[in-house]
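Asker: Assemble the complex: chain A is given as a structure, and chain B must be docked to it using the hints.
There are 2 protein chains.
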Amino acid sequence: MKFIILVRDGLGDRPNAKNKTPLEAAKTPNIDAMAREGINGIMDVISPGIRPGSDTAHLSILGYNPYTDYIGRGPLEALGADIALKEGDIALRTNFATIDNRTNRIIDRRAGRIKGPLKELEKALNGIKLPVDFTFHHTIDHRGALVLKGKNLSAKVSDSDPHELDAQINKIRALDGSKEAKETAKILNTFTEKARKVLREHPLNEKRKKQGEPPANGILMRGAGAYREIMPFEKKFGIRGSCIAATALVKGVAKHLGLDVISVPGATGDENTDIKGKFDFALKSLETRDFCLINIKATDNFSHDGDFDGKVEMIGRIDKQIQTLSKIAKKDIVLALLGDHTTPVDYKNHAGDPVPICILGPTVRKDEVKNFGERSCANGNLHRLRGNDLVPIMMNLSGLAELFGG
Amino acid sequence: MKFIILVRDGLGDRPNAKNKTPLEAAKTPNIDAMAREGINGIMDVISPGIRPGSDTAHLSILGYNPYTDYIGRGPLEALGADIALKEGDIALRTNFATIDNRTNRIIDRRAGRIKGPLKELEKALNGIKLPVDFTFHHTIDHRGALVLKGKNLSAKVSDSDPHELDAQINKIRALDGSKEAKETAKILNTFTEKARKVLREHPLNEKRKKQGEPPANGILMRGAGAYREIMPFEKKFGIRGSCIAATALVKGVAKHLGLDVISVPGATGDENTDIKGKFDFALKSLETRDFCLINIKATDNFSHDGDFDGKVEMIGRIDKQIQTLSKIAKKDIVLALLGDHTTPVDYKNHAGDPVPICILGPTVRKDEVKNFGERSCANGNLHRLRGNDLVPIMMNLSGLAELFGG
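Listed in order, the protein sequences are those of chains A and B. The opening position of the first sequence corresponds to residue 587 in our numbering, with each subsequent residue numbered one higher. The opening position of the second sequence corresponds to residue 587 in our numbering, with each subsequent residue numbered one higher.
Next up, chain A with everything else stripped away, as it sits in the complex:
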């Protein structure tokens, strides 16, 4: 047998004033039927109370230890955007932002969610002179990556992105006392200054200003990390898998582990994503692989926007398509439904509360849980798992696990 892990991003939540979480408020007849046929529980994706990022959450769910195996957001997001990295490269995630040149304060952290192609800006930024080799990559919309190459560099540096409006761009600082971190911070601050000059004078920004659009006249950086190889999933677990996700960060984690990242037309990462398309491609991918992890991002987006009703509706929309998977899980595959972390709509950010999980398939000892939710699943026979338990459990239920001992 083979298996599918379906991650609805940021799925877990907390009760509202009416004592309902979005999952509890949503109409989900199909997923509730799966809970009744399956075995259910809750899961601390990293460990109790720890607030996972999307990257550390997926690492953990895929059986890796985020405390030793996480290389940082910068390099993972770069990998997810198909930027090739070499051992030791320092990568940072960047945003084009709009800065008020008089006050030096950030007016828009995403430069009006500027649309590409932005090859001209990329080229101009790559013309900057720095004391090390580097490449700047525009990826999509306001997003990009800066990659520093060379020796005597360190990823132990802070973000320049203050993560709020009306603040100035932060000076990047060394996070340890090393010469390498101090030197890297200095280089990145130089890049930030030179980028402002290059961008301010760029014709594309002149044009944007004339059209009343916020100029992309500053670069914010965050998530510095040094790229390094880790043990590939296939070597660690002896099985081959793929990943279907729209988010660069999740795709980057999958690439780092050596999973095949499958592109699905119409998989947008937002509420209009082609859910059925993702499910169909996942099933197709199992023809030549042992498992597929599918990530549906939009549930998390609604949480970050504080939109309870939007999250409820999105959960219902996924429920309508789920039978593509659930009818096959009854006999031919093992299917896990879970969230990668809790993102309470009231909190608008990732929280460390456990996520609900249901596992369905012909080998499970189904339990008495009647519907899928944070609190109903907590009564199930899986009890309280860790993210790291998931791959071994799925391999065991699929008959793919090796015996340990004699």
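If you're looking for bench data, these hints aren't it; they were derived computationally from the structure. What you are looking at is a predicted structure, and each value in this text was computed from that prediction instead of being measured. Glycine is no exception: its CB is placed at the ideal position from the N, C-alpha and C atoms. Errors might be hidden in some of the hints.
Stated by the list, open to error - Heads up, simulated SDA-like pairs for lysine to any residue below, C-alpha to C-alpha not over 20 Å straight-line:
1) A:821 to B:653
2) A:821 to B:744
3) B:934 to A:949
4) B:604 to A:948
5) B:934 to A:914
6) B:705 to B:783
7) A:772 to A:740
8) A:952 to B:605
9) A:952 to B:653
10) B:841 to B:862
11) B:604 to A:622
12) B:742 to A:992
13) A:841 to A:874
14) A:672 to A:691
15) A:821 to B:783
Unchecked claim - Quick list of the computed label-pair ranges, beta carbon to beta carbon:
16) B:967 to A:749: 40 to 46 Å
17) A:988 to B:604: 27 to 33 Å
18) B:776 to A:815: 58 to 64 Å
Answerer: Below, chain B without anything else, positioned relative to chain A:
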């Protein structure tokens, strides 16, 4: 107080088409009464999803870490068969098998479950010339052990036993790049070849052929391991224990940890084993020791044979004898009932699903569980434990645990 751990081997299972596991289908009035008087839960013997062997399972239940403390099936099974080993000895479990001399294919992996004594075959095999010292030991029926002695050897070698019929004996390979592993593989392959010649020409096999019995004309090897001492149980936990088991592998684990292995007349390891005899000897053993682990193997045998009804009947047979223990557990001892792993009858092999557990005794906080089964126990107040938790829990409930701290 003292305690008993009763392991019914391969007890855990998965539901059949009628949604019943063998435990759920069996009539077990006495064990159900124990669940009502006890505290119940489920246990990941190693960790969730990991498929334990009988050896790694018992190591874990006895409070050891199988990832660091497991020396391999070969040396443990040799210890269990009373073969003395020295630090660094390489031991492999062997089978007498029947090989078709024309095609070199295995006709019977157990040479018709040949009965001993086979001193003549043992002697002939020990006459083989190899570049290292070795001893071949016949143990019982088709089973034996080969022990290589000397320096510059390694246990990182593959099995020659292909674990299936109609295949040829596998060439043993080095499992790492070391010179020692390559040399050991070469020696073992030489032994395999020479053993075939010695056995083919042996009068005992001529006689077997004349009698229409499959000759023991080949040796299959598996589970290579290097013997080393580990911290004895008594030193690790400060208490003294014994083990009652028929299986050489389980006896070997117990010996390795320094437990007293107690032989019980009529304890056969099959369905006709003297259950009451084992229980009586266990109680007797507590007169001079703090605990006893009893293993009843037959439940696992029925699972390996895919025999649902046989497993159900065996569970019922144990239930009829259990009062020997349970009536004492109500006041004088703490008793744990569990499986060492799940062996689903449909899967015919060990699986990584948790096992049910009940702990009974005057010190337990009894819960609301009404009967003993995989799913009923999952609702108990022990929740979901790990195998490694068991010894500390039993020592605590028996009043044998040291205070940690002030």
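Asker: Decide, hint by hint, whether the structure agrees.
Answerer: Cross-check of the supplied hints:
| no. | hint | in the structure |
| --- | --- | --- |
| 1 | A:821 to B:653 | holds, 18 Å |
| 2 | A:821 to B:744 | holds, 18 Å |
| 3 | B:934 to A:949 | holds, 13 Å |
| 4 | B:604 to A:948 | holds, 13 Å |
| 5 | B:934 to A:914 | violated, 24 Å |
| 6 | B:705 to B:783 | holds, 18 Å |
| 7 | A:772 to A:740 | holds, 11 Å |
| 8 | A:952 to B:605 | holds, 9 Å |
| 9 | A:952 to B:653 | violated, 30 Å |
| 10 | B:841 to B:862 | violated, 23 Å |
| 11 | B:604 to A:622 | holds, 16 Å |
| 12 | B:742 to A:992 | holds, 15 Å |
| 13 | A:841 to A:874 | holds, 18 Å |
| 14 | A:672 to A:691 | violated, 35 Å |
| 15 | A:821 to B:783 | violated, 40 Å |
| 16 | B:967 to A:749: 40 to 46 Å | holds, 45 Å |
| 17 | A:988 to B:604: 27 to 33 Å | holds, 31 Å |
| 18 | B:776 to A:815: 58 to 64 Å | violated, 40 Å |
In this structure, the earlier hints numbered 5, 9, 10, 14, 15, 18 are contradicted, and the remaining ones agree with it.
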